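Protein chains: 2
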Amino acid sequence: MRILLVGAGGVGSAFAAIAARRGFFEALVVTDYDGARADATASAVGDDRFSSAGSVDAGDADAVAALLAEHRCDVLMNAVDPRFVMPLFRAALAGGVTYVDMAMSLSHPHPERPHSETGVKLGDEQFAMAGEWEAAGQLALVGMGVEPGLSDVFARYAADHLFSAIDELGVRDGANLEVEGYDFAPSFSIWTTIEECLNPPVVYEKARGFFTTPPFSEPEVFEFPEGIGPVECVNVEHEEVLLMPRWVDAGRVTFKYGLGTEFIDVLKALHKVGLDRTDPVTVKGVQVSPRDVVAACLPDPARLGDRMTGKTCAGLWVTGTGKDGEPRQVYLYHVVDNEWSMREYGHQAVVWQTAVNPVVALELVAAGTWAGAGVLGPEALDSVPFLDLLTEYGSPWGMREGG
Amino acid sequence: MRILLVGAGGVGSAFAAIAARRGFFEALVVTDYDGARADATASAVGDDRFSSAGSVDAGDADAVAALLAEHRCDVLMNAVDPRFVMPLFRAALAGGVTYVDMAMSLSHPHPERPHSETGVKLGDEQFAMAGEWEAAGQLALVGMGVEPGLSDVFARYAADHLFSAIDELGVRDGANLEVEGYDFAPSFSIWTTIEECLNPPVVYEKARGFFTTPPFSEPEVFEFPEGIGPVECVNVEHEEVLLMPRWVDAGRVTFKYGLGTEFIDVLKALHKVGLDRTDPVTVKGVQVSPRDVVAACLPDPARLGDRMTGKTCAGLWVTGTGKDGEPRQVYLYHVVDNEWSMREYGHQAVVWQTAVNPVVALELVAAGTWAGAGVLGPEALDSVPFLDLLTEYGSPWGMREGG
Numbered sequence: 001m002r003i004l005l006v007g008a009g010g011v012g013s014a015f016a017a018i019a020a021r022r023g024f025f026e027a028l029v030v031t032d033y034d035g036a037r038a039d040a041t042a043s044a045v046g047d048d049r050f051s052s053a054g055s056v057d058a059g060d061a062d063a064v065a066a067l068l069a070e071h072r073c074d075v076l077m078n079a080v081d082p083r084f085v086m087p088l089f090r091a092a093l094a095g096g097v098t099y100v101d102m103a104m105s106l107s108h109p110h111p112e113r114p115h116s117e118t119g120v121k122l123g124d125e126q127f128a129m130a131g132e133w134e135a136a137g138q139l140a141l142v143g144m145g146v147e148p149g150l151s152d153v154f155a156r157y158a159a160d161h162l163f164s165a166i167d168e169l170g171v172r173d174g175a176n177l178e179v180e181g182y183d184f185a186p187s188f189s190i191w192t193t194i195e196e197c198l199n200p201p202v203v204y205e206k207a208r209g210f211f212t213t214p215p216f217s218e219p220e221v222f223e224f225p226e227g228i229g230p231v232e233c234v235n236v237e238h239e240e241v242l243l244m245p246r247w248v249d250a251g252r253v254t255f256k257y258g259l260g261t262e263f264i265d266v267l268k269a270l271h272k273v274g275l276d277r278t279d280p281v282t283v284k285g286v287q288v289s290p291r292d293v294v295a296a297c298l299p300d301p302a303r304l305g306d307r308m309t310g311k312t313c314a315g316l317w318v319t320g321t322g323k324d325g326e327p328r329q330v331y332l333y334h335v336v337d338n339e340w341s342m343r344e345y346g347h348q349a350v351v352w353q354t355a356v357n358p359v360v361a362l363e364l365v366a367a368g369t370w371a372g373a374g375v376l377g378p379e380a381l382d383s384v385p386f387l388d389l390l391t392e393y394g395s396p397w398g399m400r401e402g403g
Numbered sequence: 001m002r003i004l005l006v007g008a009g010g011v012g013s014a015f016a017a018i019a020a021r022r023g024f025f026e027a028l029v030v031t032d033y034d035g036a037r038a039d040a041t042a043s044a045v046g047d048d049r050f051s052s053a054g055s056v057d058a059g060d061a062d063a064v065a066a067l068l069a070e071h072r073c074d075v076l077m078n079a080v081d082p083r084f085v086m087p088l089f090r091a092a093l094a095g096g097v098t099y100v101d102m103a104m105s106l107s108h109p110h111p112e113r114p115h116s117e118t119g120v121k122l123g124d125e126q127f128a129m130a131g132e133w134e135a136a137g138q139l140a141l142v143g144m145g146v147e148p149g150l151s152d153v154f155a156r157y158a159a160d161h162l163f164s165a166i167d168e169l170g171v172r173d174g175a176n177l178e179v180e181g182y183d184f185a186p187s188f189s190i191w192t193t194i195e196e197c198l199n200p201p202v203v204y205e206k207a208r209g210f211f212t213t214p215p216f217s218e219p220e221v222f223e224f225p226e227g228i229g230p231v232e233c234v235n236v237e238h239e240e241v242l243l244m245p246r247w248v249d250a251g252r253v254t255f256k257y258g259l260g261t262e263f264i265d266v267l268k269a270l271h272k273v274g275l276d277r278t279d280p281v282t283v284k285g286v287q288v289s290p291r292d293v294v295a296a297c298l299p300d301p302a303r304l305g306d307r308m309t310g311k312t313c314a315g316l317w318v319t320g321t322g323k324d325g326e327p328r329q330v331y332l333y334h335v336v337d338n339e340w341s342m343r344e345y346g347h348q349a350v351v352w353q354t355a356v357n358p359v360v361a362l363e364l365v366a367a368g369t370w371a372g373a374g375v376l377g378p379e380a381l382d383s384v385p386f387l388d389l390l391t392e393y394g395s396p397w398g399m400r401e402g403g
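Protein sequence lines, in the order shown, are assigned to chains A and B. Counting from 1, one number per residue, gives the positions in the first sequence under full-length UniProt numbering. Counting from 1, one number per residue, gives the positions in the second sequence under full-length UniProt numbering.
To be clear, the hints were calculated from the coordinates, so they are not data collected in a lab. Keep in mind it's a predicted model, so treat the numbers as computed, not measured. Hints may contain errors.
You can't tell identical chains apart in this list, so a pair holds if it fits in one copy or across any two.
What the hints assert, rightly or not - Lysine to any residue pairs mimicking SDA-like chemistry, simulated, CA-CA at most 20 angstroms apart: (1) Lys272 to Phe184; (2) Lys272 to Glu180; (3) Lys323 to His161; (4) Lys323 to Glu401; (5) Lys206 to Gly251; (6) Lys284 to Ala296; (7) Lys206 to Ala165; (8) Lys272 to Gly181; (9) Lys272 to Ala302; (10) Lys121 to Pro214; (11) Lys121 to His110; (12) Lys272 to Thr192; (13) Lys272 to Glu262; (14) Lys272 to Trp191; (15) Lys121 to Asp81; (16) Lys121 to Thr192.
Throw the hints in and build the complete structure from the sequences for me.
Set out below in structure tokens:
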């Protein structure tokens, strides 16, 4: 396997560090809009399978396809922000290679009723091209990070091995991370966090289909495991709600993010002022996207690992009827302690947890354990080899009976 | 009197519209960094005493001094944001003319103890040059808007006519303005509001001198008159606290601004993210000041008048001992109804209320009623002719006995 890794930011460089310990691929070529960052990521791992292809515009499908050909890659690993999903997805299709991403094509709200009906949903543009991938016999594995990604693997595991009927698949994400020396320092890309949190959250109900709500709806306090404790969670637009119902039978699918009150207040304020906007404003003669300015004001989350303490938890709360016909609730989860990920890999917990999952997935694809054609979510494939291999990577998952 | 008006934004253009109804000056020359805006302000009033000097950089004292000479002006009226106080103040001194502003030179926080001690205070740079103004026999009338400005006139009035001893001079500013069609639309310059509200508030106590507190300290609900009602007010850095103790004897001087909880939350969030910063950040290769981006995202407050409803109140709450030796409390105030200011002048209430005061002051200077040399605050001069002339302008002030 020869992998073109597009994106050498926090998640991309953690992907490289994790992959470097595994033998399943022959070459990993790194590229980024910042060529120096690609060079640094390729050389940091000290592994001669790694090289840099320098700078590329991820929005230029032809340029990316040319890199795939030049480096004879058979996998395009997308580790850039979701604005670039479609050009990279098209480049991979055109290049005849396997495609993996960790976030799906962006949504567009319903023009009249954004807070009750869906418009263009997350991934719609990708699934619209599923026939072309099937016809070409190519695999696009979409939403293959931690959330979406591992959470979807958990859904498949619950359906196959734990439940006879599922009432609700409820992704619940929470952390107790703190960053020393900063009033406010998000541990994940603020661009993506704004996109997720300010778009109208989408909910799936079997009887009703997909629908939306106002942002930050249905607040609930969820108790996270391994000492993280209670965190206030709210509905957020997320890929799992769109992916899981395609392959797993459930009465309801939700995603709630443990943002905490302070973070929610900041996001609401940014939205009030219009600083979440991505279309440019003119400031003293120069054009800038306000959301890019927000990102530029904050520290790079990938560089905060050595000032962070705490754990991050991704998981799926499943309610329904067990295999024995009795009511059952479980919380399937994966916790990463920042202290561990920094010591072991030099990458902070949130980006490490995102990056490990596509490495595991690609190892299964390289081995032929995971195979398919078309546009598939993680829940389309067998969960057990994935969960076993994740444990073999030194990062086990857990299950809490009773939800 | 020949006036050079520097700044044709909201307050500058309201100043022009108010002055146009008065006969005390011979010429008013408008200039702005945006020459077209200066032209528009000069021509909007339809008065041949008005002309435009086109574009100027208010930070270039030599260029401003050259305009003063070219147009034979004897007054420089500063209506730009307080970043430009010092170059304009110097241009007026060099040009031998009278200077009027509505905000004083900026503060710099104490480097080690910003939330308990003052550093460079508002106006310090101006007062440091007072000797030069005195020696030249020239008048610099500083802080001559509504707050500072009319509030300072009220302080002098209270000391001369209502109290034998003053415990506290407490400026209290509140409004019930709403802007239709906007989630969030400040009715005054966001640049200046951020500056005022996020700098450490300054408080004066006779026994202790000047000291600072953390932002948004000492919240209190103040009941505003004429139907505005209760508004939550917090300590804010403001010129009155520095000006009043220079000429009026009081035990304590405070400024509390009725920001309301929503506005405070937005300001706190902007500060957390660092969007209140004025030093530039690099965003995809271009340099921008985050605070300028915030301003660019919001509607221009000067253009919101026809969507606004409600009233704005500026006032001074005075507590102490009355002339009869009994305890006394009064609230001296000035309310502008946006519906009235839009109908009468086509300018919204907040900018109109700021702009009317320097027009009244200059009319008193033109008549010789107000005269002096040096750097003077409004409380250095007789309050009665000012309050009478303000009433003659159709905008009376009020007094509520009991505070």
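*Could you tell me which of the numbered hints above are not met by this structure, giving the numbers in increasing order?*
none
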